[in-house]
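4 protein chains.
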Amino acid sequence: MVITMVKGATQEQVDHVINRVQELGFEPHPIYGVERTVVAAVGDERGKYQLEGLESAPGVEKVTPILQPYKLVGSEIKRERTIVDIAGVRFGGSQFGVIAGPCAVEGRDQILETARAVKASGAHLLRGGAFKPRTSPYSFQGLAEDGLKLLAEARSETGLGIVTEVMNLRDIEVVAEYADALQIGARNIQNFSLLREVGQTSKPVILKRGMAATIQEWLMSAEYIVSEGNERVILCERGIRTFETYTRNTFDLSAIPVVHKLSHLPVIADPSHGTGIRDLVAVMSKAAVAAGADGLLLEVHPDPEGAFSDGAQSLLPEQFGTLMETLQGYLALEKRHF
Amino acid sequence: MVITMVKGATQEQVDHVINRVQELGFEPHPIYGVERTVVAAVGDERGKYQLEGLESAPGVEKVTPILQPYKLVGSEIKRERTIVDIAGVRFGGSQFGVIAGPCAVEGRDQILETARAVKASGAHLLRGGAFKPRTSPYSFQGLAEDGLKLLAEARSETGLGIVTEVMNLRDIEVVAEYADALQIGARNIQNFSLLREVGQTSKPVILKRGMAATIQEWLMSAEYIVSEGNERVILCERGIRTFETYTRNTFDLSAIPVVHKLSHLPVIADPSHGTGIRDLVAVMSKAAVAAGADGLLLEVHPDPEGAFSDGAQSLLPEQFGTLMETLQGYLALEKRHF
Amino acid sequence: MVITMVKGATQEQVDHVINRVQELGFEPHPIYGVERTVVAAVGDERGKYQLEGLESAPGVEKVTPILQPYKLVGSEIKRERTIVDIAGVRFGGSQFGVIAGPCAVEGRDQILETARAVKASGAHLLRGGAFKPRTSPYSFQGLAEDGLKLLAEARSETGLGIVTEVMNLRDIEVVAEYADALQIGARNIQNFSLLREVGQTSKPVILKRGMAATIQEWLMSAEYIVSEGNERVILCERGIRTFETYTRNTFDLSAIPVVHKLSHLPVIADPSHGTGIRDLVAVMSKAAVAAGADGLLLEVHPDPEGAFSDGAQSLLPEQFGTLMETLQGYLALEKRHF
Amino acid sequence: MVITMVKGATQEQVDHVINRVQELGFEPHPIYGVERTVVAAVGDERGKYQLEGLESAPGVEKVTPILQPYKLVGSEIKRERTIVDIAGVRFGGSQFGVIAGPCAVEGRDQILETARAVKASGAHLLRGGAFKPRTSPYSFQGLAEDGLKLLAEARSETGLGIVTEVMNLRDIEVVAEYADALQIGARNIQNFSLLREVGQTSKPVILKRGMAATIQEWLMSAEYIVSEGNERVILCERGIRTFETYTRNTFDLSAIPVVHKLSHLPVIADPSHGTGIRDLVAVMSKAAVAAGADGLLLEVHPDPEGAFSDGAQSLLPEQFGTLMETLQGYLALEKRHF
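Residue numbers (our numbering), protein chains in the order written: chain A, 63 to 400; chain B, 63 to 400; chain C, 63 to 400; chain D, 63 to 400.
Calculated directly from the structure, the hints in this document are not laboratory data. Worth double-checking, as some hints may not be accurate.
One copy or two, it doesn't matter: identical chains are merged, so the pair holds either way.
Below, simulated DSSO-like cross-link-like pairs (lysine-lysine); rule was C-alpha separation at most 27 angstroms, straight line [said to hold, decoys possible]: (1) 133 x 69; (2) 140 x 181; (3) 124 x 140; (4) 140 x 69; (5) 69 x 124; (6) 211 x 323; (7) 265 x 181; (8) 69 x 323; (9) 140 x 323; (10) 211 x 397; (11) 133 x 323; (12) 69 x 181; (13) 265 x 323; (14) 181 x 133; (15) 181 x 323; (16) 265 x 140; (17) 323 x 397; (18) 140 x 211; (19) 140 x 397; (20) 69 x 211; (21) 265 x 69; (22) 211 x 265; (23) 124 x 211; (24) 265 x 133.
Bear in mind the structure is a predicted one, so any value in this text is a computation, not a measurement.
Just chain A, same shape as in the assembly (with noise of 0.2 angstroms):
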């Protein structure tokens, strides 16, 4: 951390400084430019937090980290990928996972039919919600555990995996009981008690970007799942709220790369709430490919025009099996596979 002080500041205030640096146990060393002084302080990152206090010491301009705020999901701790497995997928590494369904679960043969449609076309595994996080009290809330339960009945016909969102607490252990991996929505990035319980399960989580996080914040919210002890997550790029609105979100994929940079936990890509736009969906996911994503969430539904939500996004089943097909190539250039 580097304390900058004002122009003009004194002695005394420098000395200050460098006592409380001392005292919060880190190690001072004063430079003495030409127009300000800066203080650095090295040690132990744990009491970072306290040495921002410094901001408000009389004569400083500002406090600079350095070093990242994360450690367990960094690639500095780990520098080989994490490989997280959900009902036998393996995420990070040379297989790339494809997690295709509606955007929720609105009755049995809808979901009996989706599901059928995504396997046929070679989806790893299938996605649905029962909870649903609608920005209004009068939308489609979800089917709730009867939702999950026709999930689990897609599962034992088609014999998919489960990928399904947890929103609350209460819910974890139910939505646990059926799901195969726990999905966090970008609206819980910051819900940080739930981040923590679904921390204390053994269930793979797939934690989506919030809207407004950044690569940073999101790789925090990573970490508070991981320091409870559960390694298994699955970050997923689905785009950030900007000024553009032509499309629902700015689908960011450079932080696929960024991602593979600071973390080493994998990281997958969701076109559909990335672009908001079916006809955007398949291109984007080849691009999704081409940036090193280790795999992809997808809505598909078929009929978007009667689904309950995300209609306007959703892949129809026939194009999501010429996605898969076109797909192919771009995963043998990438060295992947399904």
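Assemble chains B, C and D onto chain A, guided by the hints.
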């Protein structure tokens, strides 16, 4: 809702949209323009999310909503302003309520000293976090129920009502036991489960705007609470996330008069988080009064340099005292009073 | 255009809107709904900005445009893709054009060495700034006409056509004298005078997206050029400004297929500015090919550490060479070729 | 500047950085920490852009600037506020200057009527665009020199000084011939050629913040003007582009006290563009006064419904008159006067 057809849409496609609009219980009004056909759908809002599925119908370019999606919190349903009372302080009318205190309850001396100081300067309510949502799992997470007890002790001594954050469903009961108002933090703005359950309590709720929440989404989150039966919601503008990094957030003061236009709920301002910089808090507090805010939420700490969090944006007690005096003149111009 | 009246608008107010719509030469279609009256205005787009004045009429809540505001650059006016030829390289068809070179021309050796290297690796055109838009007046501002002469020398020696930026009206003539294509930088995206005047030349124009430009505004800036008679416009996605600061910009690759949907103009990608990080350039170049880009604009420098600008995002010549080989496979899948 | 090495950087890499820092004329201070080595480079700022090239050196993780990049406009070089005089109106001291008028000069009656009205209500200066930067080439582009002549006529009649926008280099001379102050619009914030050349005139300049400009970049643009010898620069906050679309821009009022902290230049506010909504202009004008603005730039139009542009955000003359009266009380509290 207006459904715009693509250029060259066939009559069959238009007819399909017309039929679908009727099926969903709306009245269709097709308008055949020079370049485009549009279909206006007239009717009750509640089924709107199904209409949006029409974006997936062949020949449809886009579906544009015309009405605001909220009902109960909107100014159309109720013209007069709602007054929300917290421990005898009335927000939304001529009284201007001031909630002050530290970011977090750190210990007995700290909270009592702060409570006495802000009380002496005229604050109406005491804030202080016992459960803290922190970006890092390694930062101070709050004293939990012990913190609530210290807040209660400060209330006993000073008579100040207590406002404190509730972070998850499980803590609602215990927080509600101690607190006079429940604060929902920016990171939980779309934690819909939490919103619903605080909506089932009888406690006033202070709902902070999320860092990526549009004003419309913020009102929809309030709608979640109100639709459960709890009308005692106070909105709190605390800055949004933008590209500007000099300030911690971009304090969107225009949101104050916008909320007053769209809703009957009171809205207060938090210039501590809005700016993140102690030296800006007083000036932006004045600006918030002039923008029509119904109150302020302010961080005050007797030793910002030693604070466990948010030291850089906390006022010293004497700065808070000076601010309270300064605000008198502005409140008089607004025909408001403490 | 759809004019939405406020709830409770009087018939007189509605009639005023209807009359005004007629006066402006549009055909009004009032629709009387349960909660609101809306008036659809059907007719030619050109007068649209006067219709917007209706937002100021009594009883009007908002005015919503239905059609896109551009004409000449839109895909509705011309379905087939436009091919833009720069010195024999054809952008927009099956050829995938690569423009490579340093951020700025710094000296004779630097530009000649780079030109030879990128030529050897298969680049089609040479980039290099002679006039540099720099945030600071104290940064290197470019060699001006001397830089253009060095570019011309590099062209003579290597046969590579030249792409270079023009920053202001006065320099158009001299830049056009030397360059094979004029680049308009991100900061000049809404320098409408400059857009008009490059529209009056016969040179191809590479129009970079502005850091706060929506796709619609970017297309409107292209419309300025095309409406002056110069149809030879290539759009260039180079990232937008968002809250994420790890990357220099947020590289909006989804904009590539969006532009292809909305417009007939070619669109290339600049992953150097899009990411700002050398290690991300190659991977995001692959992603850009997969997203359907018609070409790439890449920064290459033989000594990034000593570069006067943008060193951190410049590829070394050997990295560029490796990238060009890697791209072959992706281009084959896209049925493209260098 | 602080150069952070990657974890595991070799001593050879550290030595290379140390040598390079010395070569560039800075004094290196290596600090060997537990996890990282950092090298602080002490010295004169001017060569900083070359130091940034060090991000490309082997073993370097990042280069963090410590000092602000501007000099002449900074408060460190000059503590007392600069007063900028436009036609006898002094911005930056106790006088609070009000510049009012239509978005564009549309005709003789319109501008004269507006000038008389705003003069009668106490405005100090008349605004009105003769050259208009419009997103669409098909929108009204201004009356050009005819517009300037009408402004001059309005000045003759009312005595109000004139503020009008200059869009490009070629028009500087003609605009400067008529105008009392040159306005640089938000879209030209980084049109560095234009900034330089208005810096070579002796006219006061009103420099609007760009919609994606950080406060630091805005000050750097002012630095361009001042570094050419023209110190008469007034900054103007007019809102930035964010995800919030209810308001036309997000009016960043905190930027007012930030500019006052970082710079000695005056800063005014434009709530018309800042909000884009007539009903918000008066309230946000009050807030701007309370935030410490040195003046206001306001759009006033006698017939907003018929305005060629910006009708929705223009005050009616009587609304402007009421606002001017209202502001008196707030100015008194700020120890300011018209």
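Results for each hint:
1. 133 x 69: Between copies only: 13 angstroms across, 34 angstroms inside.
2. 140 x 181: neither (35 angstroms within a copy, 40 angstroms between copies)
3. 124 x 140: Close across copies (21 angstroms), not inside one copy (32 angstroms); limit 27 angstroms.
4. 140 x 69: Answer is between: at 12 angstroms across copies they meet the 27 angstroms cutoff, but 41 angstroms inside does not.
5. 69 x 124: both (12 angstroms within a copy, 24 angstroms between copies)
6. 211 x 323: For residue 211 and residue 323, neither the intra-copy (39 angstroms) nor the inter-copy (41 angstroms) Cα distance is at most 27 angstroms.
7. 265 x 181: within (22 angstroms within a copy, 49 angstroms between copies)
8. 69 x 323: Result: close only across copies, 13 angstroms inter versus 37 angstroms intra.
9. 140 x 323: Answer is within; shortest intra-copy Cα gap is 11 angstroms, inter-copy 43 angstroms.
10. 211 x 397: neither (37 angstroms within a copy, 45 angstroms between copies)
11. 133 x 323: within (14 angstroms within a copy, 36 angstroms between copies)
12. 69 x 181: neither (66 angstroms within a copy, 37 angstroms between copies)
13. 265 x 323: Within one copy, since 25 angstroms is at most 27 angstroms while 41 angstroms is not.
14. 181 x 133: Answer is neither: 38 angstroms inside a copy and 42 angstroms across each miss the 27 angstroms cutoff.
15. 181 x 323: Answer is neither; intra-copy 33 angstroms and inter-copy 31 angstroms both fail.
16. 265 x 140: Result: close within a single copy only, 21 angstroms intra versus 47 angstroms inter.
17. 323 x 397: Close inside one copy (19 angstroms), not across copies (31 angstroms); limit 27 angstroms.
18. 140 x 211: neither (38 angstroms within a copy, 42 angstroms between copies)
19. 140 x 397: Close inside one copy (23 angstroms), not across copies (40 angstroms); limit 27 angstroms.
20. 69 x 211: Neither: 66 angstroms inside a chain and 44 angstroms across chains, both beyond 27 angstroms.
21. 265 x 69: Neither, since 53 angstroms and 32 angstroms both go past 27 angstroms.
22. 211 x 265: within (18 angstroms within a copy, 36 angstroms between copies)
23. 124 x 211: neither (54 angstroms within a copy, 35 angstroms between copies)
24. 265 x 133: Classified as within: same-chain Cα gap 21 angstroms, cross-chain 39 angstroms, threshold 27 angstroms.
Violated hints for the displayed structure, listed by number in ascending order: 2, 6, 10, 12, 14, 15, 18, 20, 21 and 23.
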